[in-house]
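Novice: Here are the chains, one letter per residue:
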Amino acid sequence: MTKLGGYMGKVLVVDVRNRTTDLYPWSDTERENYLGGKIMAAKIIRDNVGPNVEAFDEDNIMVISTGPLTGTNAPCSSRFNISTISPLTGFLTSSNCGGDFGLHLKRAGYDALIIKNKSESPIWIEIEEDRVLFHNAEDLWGKRVSETQKSLDTKAGKVVIGPAGENLVKYASVFSGERAAGRGGVGAVMGDKNIKAITAKGSLKPKVSDAEGTKEFYKKWIKRLRNHPLTGNQLPAFGTAGLISLMQHRNILATKNFKYGNYHDFDKVSGERLRKDFLVRNKGCITCPIQCGRQVEVDGRVVKGPELETLGLLGPNILNSDLELIMRWNLELDELGMDTISTGGTIAFAMELNEKGLWKNGLEFGKTDNLLSIFRDTAYSRGIGDELAEGTRYLSNKYGGAEFAMHSKGMELSAYEPRSAVGQGLGYAVSNRGGCHLNGGYLVLFEGLGLAIDPYTTKSKAELTILTQNIMEAVSAAGNCLFTLYAMLPEYLIYNPNSRITRFVNKFLTTSLAGNIIKFIDKTDERLLPIKFSLIPQIKAIELVTGMKMSIGKLLEIGDRGYNLERMYNVERGVRAIDDSLPDRLTRVKQKEDEPNSYVPLDELKERYYEVRGWDKEGIPKEEKLRRLKLIE
Amino acid sequence: MAKVKLFGIYSIKAAKDEYVIEADNVEELLLKLSVMEPNLTMRMLRRSLVFVNGKNITDLNMFKTKVGPDDSISILSPIAGG
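Chains as they are written, first to last, in the working numbering: chain S, 117 to 749; chain X, 8 to 89.
Quick caveat, the hints were computed from the structure, so don't treat them as lab data. Check before you lean on any hint, since a few could be wrong.
Once the Cα atoms are required to be at most 27 Å apart in a straight line, the calculated DSSO-like pairs of lysine-lysine come out as [claimed, not checked]: (1) S:K375 x X:K62; (2) S:K623 x S:K639; (3) S:K339 x X:K20; (4) X:K62 x S:K708; (5) X:K20 x S:K392; (6) S:K271 x S:K420; (7) S:K741 x S:K635.
So, partial list: chain X residues that the calculated Cβ filter (under 10 Å) puts toward chain S [said to hold, decoys possible]: (8) L13; (9) G15; (10) S18; (11) Y26; (12) V27; (13) R54; (14) V57; (15) T65; (16) M69; (17) F70; (18) S81; (19) L83; (20) I86; (21) G88.
Every residue gets a Cβ at the ideal spot worked out from N, C-alpha and C, and that includes glycine.
Please build the complete structure, drawing on both the sequences and the hints.
Specialist: Here's what the structure looks like:
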């Protein structure tokens, strides 16, 4: 139980081999130190899963966790996180998802689920408060995602896998409604444990420490999100697809397996075109005022439209400009339960392998007529799909082409081409879960999307990356959507990109002074930074909901703790500096002939990053750092 | 005459998203566009991201950046997302 608001106070352990349940001991001290979500999950996994346990070993566990804001009507807070050992990277992965399962899990009375062992036969698990039932899922096994969802209790929150998860595709996803915990192969781990679905429902609600204060604060927060140019205007109008056009102009739109940063037919797959020709309506997760999701019609069905990453990686990155085809593929990949990012990245790599004669597989850039069947073959591990299902790193190890194998730690990169956003390149490389833009700190937000700091300089990029990683880590652990953080950028800067003030801010952020200020903040004891910092509303929200004192200093410390906790666990699993890598195409080949700095100077960036993080030259957190973060006694 | 293309929120505020405008510099081009498209005020356009042949005017001569007859002008707004 807990004295803190926002939490249900219970973590359910479900042993699917023995079909038993238990409660996991999780104290208020741990809640204060690890908050929830991915940080809580990392702590549980580090304490329970030995460093030699592999993704498909029986001893691997899955932790599905929420944050203290989940279920409290906070904007964009119905989310949940799944952490486990990734079959794609071999390291700890965390995959965050919208939908409504997080909300229902709280209503069932739990902050988190720990799934352990493997079931001997396919099952689905029904959780309704204290009642946990294990059902035979033989009749569901083989079904696609939406068909599975329709077969289950319509009133419950559900997480399900599709055929890709059953067949252990290394980048299989887990779905809640139409939203995916897409990355890292969490769906394959669920499939390996023979779990087709988990449902949760109940009538419980977390108590909130200051109910009136929270209600009033949420009203102001929602109003702010609705009034901000990014969360109240651009995202509702175009969804994430709206980024394509600006990415094109900033030369960060991954094209032809990241050989280029722009694509001549970008406007055929842009957010503007999606809105003009295909948008049926907006849709968002429950509790979300932003509503960035797109609904489009495919073969007579109104379904989720493609997000930016899907458009980029199954569009320009494979030289495809057929938006209708991407919409159809997006639906098919969702139904199969497969990550569209890793699918697009792997296909593009396979195309280049074929082009260079390294693997004759029939895949060609711009040739799209065979891809739908290739995706199905991948989900069912048939033909060349059997190898595509293993991901880019596997193909690179087998066929060569490491210099253009677009992954980091085995995870395929997102759609941002980092040679014109070198801070994002650093983020991809050091990200705990592999080539992920968000876990990497999403510095591209500053390097050309929201702001326009110098995309090629290395100055202060390491410091900014650490700052944003720590903030995002803590906000995610609180149960909040990272998109709410875009409102952190002052409206003035977004509304006035050409003003002297904005241009000054853009210049200042890449000065040594700015870097040193950020470094100072990072090293300062949280007690010396007691301010609430209103640009990050989560700080006050966490305090109002939980009753624990929260400040920018404490939030950053929690984020820093989470990031270092994941890092330490990965270090125990063998991660070293050499694994914080990018392919040579991004670090040694200039993107633009007329821009001498259009490559990612990764060694220089990493050196500074390690120093500011308090890591040694091998990328291992130093004892002093771990002690300060209370990760060792 | 320069080719002008509108993106993002500018593309939905205007009647169409492509124009051909003759102007000496970006300031004049935006002014003419605001006259052609009353929904796009000069104040609004001065707050846009303007690219001339793929280069942001913040890296050129701001609103005094010269515009030639064969130039391509893009008008966008800042955005963020996953």
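Novice: Confirm or reject each hint.
Specialist: Hints, one by one, checked against the model:
| no. | hint | in the structure |
| --- | --- | --- |
| 1 | S:K375 x X:K62 | 20 Å, holds |
| 2 | S:K623 x S:K639 | 24 Å, holds |
| 3 | S:K339 x X:K20 | 23 Å, holds |
| 4 | X:K62 x S:K708 | 13 Å, holds |
| 5 | X:K20 x S:K392 | 13 Å, holds |
| 6 | S:K271 x S:K420 | 20 Å, holds |
| 7 | S:K741 x S:K635 | 14 Å, holds |
| 8 | L13 | 9 Å, holds |
| 9 | G15 | 6 Å, holds |
| 10 | S18 | 5 Å, holds |
| 11 | Y26 | 15 Å, violated |
| 12 | V27 | 17 Å, violated |
| 13 | R54 | 6 Å, holds |
| 14 | V57 | 8 Å, holds |
| 15 | T65 | 6 Å, holds |
| 16 | M69 | 7 Å, holds |
| 17 | F70 | 8 Å, holds |
| 18 | S81 | 6 Å, holds |
| 19 | L83 | 5 Å, holds |
| 20 | I86 | 4 Å, holds |
| 21 | G88 | 4 Å, holds |
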